[in-house]
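K.L.:
Here the protein sequences line up with chains A and B, keeping their order. Our numbering applies: residue 171 is where the first sequence begins, and numbers increase by one. Our numbering applies: residue 7 is where the second sequence begins, and numbers increase by one.
In short, the hints are calculated from the structure, not lab data. Hints are not guaranteed to be accurate.
Unchecked claim - Heads up, incomplete: computed chain B residues facing chain A, CB under 7 Å, no partners named:
hint	residue
1	Gln13
2	Met55
3	Gly138
Stated by the list, open to error - If you want a taste of the chain A side facing chain B, the calculated C-beta under 10 Å gives, among others:
hint	residue
4	Lys243
5	Thr527
6	Ser540
7	Asn592
Where a beta carbon is used, it is the ideal one built from N, C-alpha and C, also for glycine.
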Amino acid sequence: MSYQNFTEVSELTSKNVHVKIGEMKGNTSLISNLEVSVGKVVDSSWTEPMGPTPMPSLSTLRDWDLRLLERYKPFYMPDCDLCCLCTFGKCDLTAGKRGACGLDIAAQSSRIVLIACCIGAATHTAHSRHMLHHLIEKYGRRYPLDVGGLNIKVEAPVTRLVTGIRPETLGDLEDVLAYAEEQITQAVAVAHTGQEGNHLDFESKAFHVGMIDHVGMEVGDIAQTSTFGFPKAEPEAPLVSLGIGTVDTSKPVIMCIGHNVVPSVGIIDYAKESKVDDKIEVVGLCCTAHDITRYYNRGRIIGPISWQLRFLRSGFADVIVLDEQCVRTDISDEASRLLVPVIAASEKNCMGFKNRTNDPSDEIVADLVSGKVPGVLILDPEKVGEVAVKAAQKVAPIRRKFNNLPEPEEIKTLAKSCRQCNLCQRSCPQDLKLPRAMKAAAGGSLSELEDLYEYCIGCGRCEEACPEKLDLHSFIVKAGWKHMTEETNNCRCGRGAVQDVEIRNVGSPIVLGEIPGILAVVGCSNYPKGGKDVYDICREFANRRYIVAVSGCSAMSAGSYRNSEGKTLYEEFSGAFEAGGVLNVGSCVANSHIAGAAIKVANIFAKRSLRGNYEEIADYIYNRLGAVGLAWGAYSQKAAAIAAGFWRLGVPVIVGPHGSKYRRMLLGREDKPEDWEVYDARTGNKVNVGPAPEHLFQTVETPQEAKVAIAKLCIRPNDTWKGRSIKLSHYIDLSKRLYGVMPQDVHLFVRTLADVPMTMKDEITKLLNEKGWKETVIPDPTLLPRMIRKIKE
Amino acid sequence: MSCEPWQCAEIAATKKANLIQKPEIVVAMIKRAERPILVVGSYAVERYMEGRQLIDYLIDFARASKVPIVATAHMVGEFLKRGYEPAGFMSAMDIGNRLVDPEWQGLDGKGPYDLALFVGMPYYMEGLIICGLKHFAPNLRTITLDNLFHPHASWSFPNATLEEWAGNLKVMTSKFEGGQ
Chain A
171 MSYQNFTEVS ELTSKNVHVK IGEMKGNTSL ISNLEVSVGK VVDSSWTEPM
221 GPTPMPSLST LRDWDLRLLE RYKPFYMPDC DLCCLCTFGK CDLTAGKRGA
271 CGLDIAAQSS RIVLIACCIG AATHTAHSRH MLHHLIEKYG RRYPLDVGGL
321 NIKVEAPVTR LVTGIRPETL GDLEDVLAYA EEQITQAVAV AHTGQEGNHL
371 DFESKAFHVG MIDHVGMEVG DIAQTSTFGF PKAEPEAPLV SLGIGTVDTS
421 KPVIMCIGHN VVPSVGIIDY AKESKVDDKI EVVGLCCTAH DITRYYNRGR
471 IIGPISWQLR FLRSGFADVI VLDEQCVRTD ISDEASRLLV PVIAASEKNC
521 MGFKNRTNDP SDEIVADLVS GKVPGVLILD PEKVGEVAVK AAQKVAPIRR
571 KFNNLPEPEE IKTLAKSCRQ CNLCQRSCPQ DLKLPRAMKA AAGGSLSELE
621 DLYEYCIGCG RCEEACPEKL DLHSFIVKAG WKHMTEETNN CRCGRGAVQD
671 VEIRNVGSPI VLGEIPGILA VVGCSNYPKG GKDVYDICRE FANRRYIVAV
721 SGCSAMSAGS YRNSEGKTLY EEFSGAFEAG GVLNVGSCVA NSHIAGAAIK
771 VANIFAKRSL RGNYEEIADY IYNRLGAVGL AWGAYSQKAA AIAAGFWRLG
821 VPVIVGPHGS KYRRMLLGRE DKPEDWEVYD ARTGNKVNVG PAPEHLFQTV
871 ETPQEAKVAI AKLCIRPNDT WKGRSIKLSH YIDLSKRLYG VMPQDVHLFV
921 RTLADVPMTM KDEITKLLNE KGWKETVIPD PTLLPRMIRK IKE
Chain B
7 MSCEPWQCAE IAATKKANLI QKPEIVVAMI KRAERPILVV GSYAVERYME
57 GRQLIDYLID FARASKVPIV ATAHMVGEFL KRGYEPAGFM SAMDIGNRLV
107 DPEWQGLDGK GPYDLALFVG MPYYMEGLII CGLKHFAPNL RTITLDNLFH
157 PHASWSFPNA TLEEWAGNLK VMTSKFEGGQ
């Protein structure tokens, strides 16, 4: 018997055994092109023992959730008094009434939270699945994962923790996603009428699906980082252009909107292959922008999600390519008014266009350029690339950056038809004083409209409400034209994961509290008063030597302002995971690296076993790691799911005022001392550790409040006296500066007099005496009885 | 004056706010209440009427009516700057969360509140908190002192101009002993 072209035999240690035989000759037979896949083999090379909860199902971690929910009880703000999800309804659930199915308003509110988290988790996971399909088709299942070369051994901390799988190849990620998809399906089923009936169980399932969301995100980002050559955990990832003013509008401009970079990669690759990459501009909006610049150093980030209309109406885009998520669903109407062809590139988002995937590219280009069709659906990313580049080159000279923004004099004339009915303001999520601005415009001044530019979130609801059909958003954009075209800033290219060595360097000072905290500023741009608040908050805490991690639209807003020396945040601070660093991890799916960094502190620094060991790691993070998430402009279901993943991991999340519309907070009660006991793992004694952290999910009203809350929520039971003293000094200093008072709950955070910041000793000692403070011990804190090393007799 | 929700889509179902047609109604309700409290949000320093900030009207009102104030967000410092010490300060979510707790004995430990007045928060946020109270605090009546109609409150002023708002606040203040 002889063997020829025995081309592929995967190692027996991998999960799938795949044998491919090119040709095998025996005495009596000839076998050619035989492929055999044999089941799954457990990875025996990973010596870390399997923990208690690999691939948890809906109720596996319920006890952990209920522990947290006992401390952080939901405060429901229903937003809608009705349930209209089944044909028994509408049911009025006001003030204790139950619906036809028996559900009350608390359960209904938590059900809506669960549904939101399911939508978010499904969206990230479906995005990752779609991308993985594509990448496996292109690179093969055995393509190795690499998110940081030798700097990263724990390549997928969330996945390892949740599933017990150590993925090594793209193919391994399929198993991970299959688990995530099953869990999401189970969780969605929970929301059906006549299933779950208890609000805390709905909450637990929201936590579960949030955890799954982080798995889905991690899969997506490590797959794209490994294959597309994105920065691999690089602290000094390059600075990339940010802002409408950075776009060379003399060139054809392809505007990509969404989150899935695969079609954008098709565009960039085609442009490079055709040697026209220096003749066109490829710009991105929302998270796909981050990933464009991670792939292509000449890509540009226009800005956050809220800038879609303003960029489009300004006429700079010559072709629009839509992938998925956070895309304006009326973009084809908007684009057709400006003669801009649209290419929809995702099955999730077909926009009513005809599927032209199998048509010749030049035919599609001709139809788009002639205006015969306003847009097309193309589900082949390489064809998207060819069509977009060719169409942009042909459309640009025809369009000549046509825009339909009114000229200033026209605005002044049109403003005279304003009835001052207030419907625009009453429809504006920001309550912007449009009627007053219109009155001023009618009187000849556009300055009030110009002032609205920074605060407008670009939703266009004002125009929908206007009985005179005035294009109010366009008025704002035109009035703010100078600001818009002068936006020439920069953003640190998304670096991806955090290196293991970075974790080793900061693990000790974080856990002991000497680095006062990790602040993750993430999420969308539904800001109450523009993006400057995000910049200010990041800068405040970077200056205070917190580690500041950013992602998504928040990372863009953080880079959109400059200090007195003219430097952006990314020029002022390092991109490392270190005290005073401001690191941009990347797009939405890269948020998993922030959770991953927290998990890696427990694993790499504290040597806690990771594999399928969720509860212990979450308990560690909750009690020891002063990490806080801030989603100042969160708007989406994805943001809800991301937050839920952090809650289960024991990381508090703060949202800006619009975040109250998530309609449920998870609030602790610092006035209830009985709520704040933990076990001392050394002795088994119960120790009161105070409200640390006080809340798990909280809406704040102002940036001042956000800053104080961030400092406070970084306090953890495990802080050493030195660490606690540092954290208290930040909390007190911010309270005094922004609230004008000494916080009245300081005594709850002082365990021994050594915790008191030296410079504030007299003042705090006086307060302690007034409050009848008593010294207590610093425990080895845990919420889990099984972690107690010595059970008390 | 209109009693449509200020934000057009903010629609309540079967339990909607009663309209406060004149400020004396609020005064009567406060006088009848055993334990009223006034929650003041961050717009107290962003709303100007007749050259004064909302917070100044509210301090006059609180001094005259003796209704204790809880300042939300960073408002405590603004009150202190003006020589008025609020009874407490905490986040808007925290005060909402405490008000739905029938066991909470209030800022002074003397018992649950039976009337909560709200003013000066972002409209949607205030509306959500009031909605939470509508559903989960059956023994608490809520009133908004804003010039924007809040359908989830027990009682709300209609949408009104700044001049009308200032007038209402002044009338309310004047109806208490010592009020101007």
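K.L.:
State for each hint whether it applies.
P.N.:
Here is how each hint holds up against the structure:
Because the closest C-beta pair between glutamine 13 (chain B) and chain A is about 6 Å apart, less than 7 Å, the hint holds. With a cut of 7 Å, the hint placing methionine 55 (chain B) at the interface with chain A is violated, because the nearest CB-to-CB distance is about 15 Å. For glycine 138 (chain B), the shortest C-beta to C-beta distance to chain A is roughly 4 Å, which falls under 7 Å, so the interface hint holds. Against a cut-off of 10 Å between C-beta atoms, the interface hint on lysine 243 (chain A) holds, since the closest Cβ of chain B lies about 8 Å away.
At about 39 Å, the closest approach between the beta carbon of threonine 527 (chain A) and any beta carbon in chain B exceeds 10 Å, and the interface hint on this residue is violated. Hint on serine 540 (chain A) is violated. Least Cβ distance to chain B is approximately 41 Å, over the 10 Å limit. Annotation: asparagine 592 (chain A) was flagged as interfacial toward chain B, and the flag holds, the nearest CB pair being 8 Å apart, inside 10 Å.
Of the numbered hints stated above, those contradicted by the structure are hints 2, 5, 6, listed in ascending order.
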